[in-house]
Amino acid sequence: MINLSIMALDEEHIDEICEDIIEQQRTGVSTHALFFITINPEYTPAIDKATPACKLYDKFAARLDKAGAKHGILAQATMGHIVVPREMYPFQPSVSLITGEDRVVTCCPLDPNFHEYIKEQMKILAKHKPSMIMIDDDIGLLYKQTKGCACKHHLAEFNKRAGTNMTREELYAHTQGTSEEDKYYTQIYVDVQRHGLVSAVKAMREGIDEVDPTIQGAVSGIYVGGFCEFSGDTAKAFAGKGNPAIIRLNGGAYSKSSTGREFSEWIYRGAILKENVKNDVDIYLAETDTCPFNRYSTSAARMHAHFAALILEGASGAKHWITRLGAHEPNSGKAYRKILAKYNGYYEKLVEYAKELESFGARMPLTLKQNYGFVPEERGLNLCPWTTCVLERFGIPVYFSNDEGGAVFLDDFTPDAFSDEDIKKFLSGTAVLSAVAAEKLCQRGFGEHIGVDAREWNGKKMSYEVVYGKRMAVEYEPKELVVLADGVEELSQVIHINSDGKPENLYPGVTRFENSLGGEVIVFAGSPDMPFKYFTAFSLLNETRKKQFTDILSRRNHIPLYYPEDAEIYLRAGYLKDGSIMAAFFNLGFDQLEDIAFVCDKKVNKVEKLNPDGTRSEVEFEIVDGVVRVKEMLYTLMPEVLFIS
Numbered sequence: 104m105i106n107l108s109i110m111a112l113d114e115e116h117i118d119e120i121c122e123d124i125i126e127q128q129r130t131g132v133s134t135h136a137l138f139f140i141t142i143n144p145e146y147t148p149a150i151d152k153a154t155p156a157c158k159l160y161d162k163f164a165a166r167l168d169k170a171g172a173k174h175g176i177l178a179q180a181t182m183g184h185i186v187v188p189r190e191m192y193p194f195q196p197s198v199s200l201i202t203g204e205d206r207v208v209t210c211c212p213l214d215p216n217f218h219e220y221i222k223e224q225m226k227i228l229a230k231h232k233p234s235m236i237m238i239d240d241d242i243g244l245l246y247k248q249t250k251g252c253a254c255k256h257h258l259a260e261f262n263k264r265a266g267t268n269m270t271r272e273e274l275y276a277h278t279q280g281t282s283e284e285d286k287y288y289t290q291i292y293v294d295v296q297r298h299g300l301v302s303a304v305k306a307m308r309e310g311i312d313e314v315d316p317t318i319q320g321a322v323s324g325i326y327v328g329g330f331c332e333f334s335g336d337t338a339k340a341f342a343g344k345g346n347p348a349i350i351r352l353n354g355g356a357y358s359k360s361s362t363g364r365e366f367s368e369w370i371y372r373g374a375i376l377k378e379n380v381k382n383d384v385d386i387y388l389a390e391t392d393t394c395p396f397n398r399y400s401t402s403a404a405r406m407h408a409h410f411a412a413l414i415l416e417g418a419s420g421a422k423h424w425i426t427r428l429g430a431h432e433p434n435s436g437k438a439y440r441k442i443l444a445k446y447n448g449y450y451e452k453l454v455e456y457a458k459e460l461e462s463f464g465a466r467m468p469l470t471l472k473q474n475y476g477f478v479p480e481e482r483g484l485n486l487c488p489w490t491t492c493v494l495e496r497f498g499i500p501v502y503f504s505n506d507e508g509g510a511v512f513l514d515d516f517t518p519d520a521f522s523d524e525d526i527k528k529f530l531s532g533t534a535v536l537s538a539v540a541a542e543k544l545c546q547r548g549f550g551e552h553i554g555v556d557a558r559e560w561n562g563k564k565m566s567y568e569v570v571y572g573k574r575m576a577v578e579y580e581p582k583e584l585v586v587l588a589d590g591v592e593e594l595s596q597v598i599h600i601n602s603d604g605k606p607e608n609l610y611p612g613v614t615r616f617e618n619s620l621g622g623e624v625i626v627f628a629g630s631p632d633m634p635f636k637y638f639t640a641f642s643l644l645n646e647t648r649k650k651q652f653t654d655i656l657s658r659r660n661h662i663p664l665y666y667p668e669d670a671e672i673y674l675r676a677g678y679l680k681d682g683s684i685m686a687a688f689f690n691l692g693f694d695q696l697e698d699i700a701f702v703c704d705k706k707v708n709k710v711e712k713l714n715p716d717g718t719r720s721e722v723e724f725e726i727v728d729g730v731v732r733v734k735e736m737l738y739t740l741m742p743e744v745l746f747i748s
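If you're matching positions, the sequence shown starts at 104 in our numbering and goes up one per residue.
Some hints could be false.
Stated by the list, open to error - Restricting the straight-line Cα-Cα distance to at most 16 Å, the calculated cross-link-like pairs of lysine to aspartate or glutamate (EDC-like) are:
#  : residue 1 : residue 2
1  : K226      : E313
2  : K169      : E122
3  : K734      : E723
4  : K709      : E725
5  : K472      : D525
6  : K339      : E309
7  : K169      : D118
8  : K250      : E272
9  : K162      : D118
10 : K528      : E617
11 : K564      : E580
To be clear, the hints were calculated from the coordinates, so they are not data collected in a lab.
Use the sequences and the hints to build the structure in full.
Below, the structure written as structure tokens:
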């Protein structure tokens, strides 16, 4: 594993910091200390920021080298992050495509003079023999409000490639259009942004290579909104000859306190970036960022759960931010160090198990569509709402993947990102759709495979929905499900109460249809993309709905194991090569559980748990009314990984 710990070059506390780094590496908290340095240009002429920083770095390095501790540099700002320079640099700033204004916090990555500056800065860093240099996620343009850079360098490159003489205003107009000509020019603009970023990163790498081409390079990846900011390209360009391409997956839960709500949103973000760069990248690191680096923001337990969950999505290490950098406050990081040291063997072993895990359950497909947001597009309240709003709390196994299998869940927005061929594959298995997803797919000609269409309801007041004979709130933003085919099964009903108090069926709330492709399609009349407010979310978050979901997914054996009770459990599960089931239970609620309950479709002969040191030990269990009860406590955000055979 590669576990990077970001540290400050604080000379006043050099003894304590070096002792801390040595202890981190001795106990397995981290494998490398990366010292935080900014080398983005400031002042005219641009000052040399690397040399004075490296004089400090050398003092730390000398002490760490004696102890055999690994150390390197995080070039936290190269083009420029979000901080306005103290005084203006002499290079081309990025220019907003939208307004034409300079964005001085970010240098244009195409400026050849900036290339020379940043190459020299990297050369200086390399001379001080770091084991690794990492660049941060200021290596991006399109995700910023400027929608890339439209300075003279970028416009010249665009016009050269396009064979035009376009102004910024004309180019911007094309990015707002939908014609084939608009799309053509917009794509050229995107390619020029890619070229600019990669050329700057290559200049950085050239500076390192002139000193030592073996120094490992790593990058912090970006996935924002609906696109990946060329992270695979920059990872390859910066790795160094013969070195693996290393990327930090994004997904830091900044200032999310210690709660577990929206836990899966951060896992999804890491998983979707990995899917987008998997052909270019060799090693993925979790972003276990505790920003602003103390437990008032992020509990040690939440960081631990976050790390474990991202390992299950393919991370084999982390970029840990567990140290206060702006002030020397060592107590802020003690709990982080304690838990990472205790579970060091657990993480290492979990990486091995994750590589062989054949996941089952509710599958969230990962879009590869690169929507750079030139034209505002409708987006939901939540990322991946089927998990973020519903399934992450139901104890139903969920996972994020484009590999075939599982029951595919499509929300209001994901159908837009998949081709007709992809959709047909989804509908050939088990597919669970929101009403808007069904409506969109019907418009694309898939109605015969869905069995219903979804339309606006303009009829009588919807009083409630009946599921398994029980009343509950109607789903969020409901639509009328209109039956299109014979054989559609109605799994719930939306009801109106007449003036005489008698119930009247209006339309089905949930349907199931077995289609000619051999698949089954389940449609919900509402949307999972719900605000977490009074009543709103609880049309789906209740025990009867949970039974409905488990029945739907059990029908074709998509959940051979699940958590049957009402605690808030995020469950990640699958088969190992020996045929046993590995199941990771994450308690997202504040109620500690006296045991770990699950239902399994096979006879359970033995249950083991993964210990903090990476070993396995057998645990006691009993079976009561078909529910397996493992006699282990399940604490808030302290995941337990069980092996069931």
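Item checked: Restraint check for K169 with E122, where alpha carbons must lie at most 16 Å apart -> holds (12 Å)
Check: Does K339 pair with E309 here, judged by a C-alpha cut-off of 16 Å?
Finding: The given pair, whose Cα atoms are some 13 Å apart, holds under the 16 Å limit.
Note to self: For a C-alpha distance cap of 16 Å, please report whether K162 and D118 respect it.
What the structure shows: Holds, at about 10 Å.
Margin query: Can you confirm whether the C-alpha distance between K734 and E723 stays at or below 16 Å?
Written below: holds (6 Å)
Checklist line | Hinted pair K169 and D118, Cα distance within 16 Å | finding: holds (13 Å)
Notebook entry, point to check: Going straight from one Cα to the other, do K709 and E725 come out at no more than 16 Å?
Noted result: holds (10 Å)
Item checked: K226 paired with E313 [C-alpha distance capped at 16 Å] -> holds (7 Å)
Checklist line | Hint consistency between K472 and D525 [alpha-carbon to alpha-carbon, up to 16 Å] | finding: holds (13 Å)
Check: Holds or violated: K528 with E617, Cα cutoff 16 Å?
Finding: The hint holds at about 14 Å.
Check: Within 16 Å, alpha carbon to alpha carbon, are K564 and E580?
Finding: holds (13 Å)
Notebook entry, point to check: Between K250 and E272, is the straight-line Cα distance small enough, at 16 Å or below?
Noted result: holds (13 Å)
Comparing the model with each numbered hint stated earlier shows that all of them hold.
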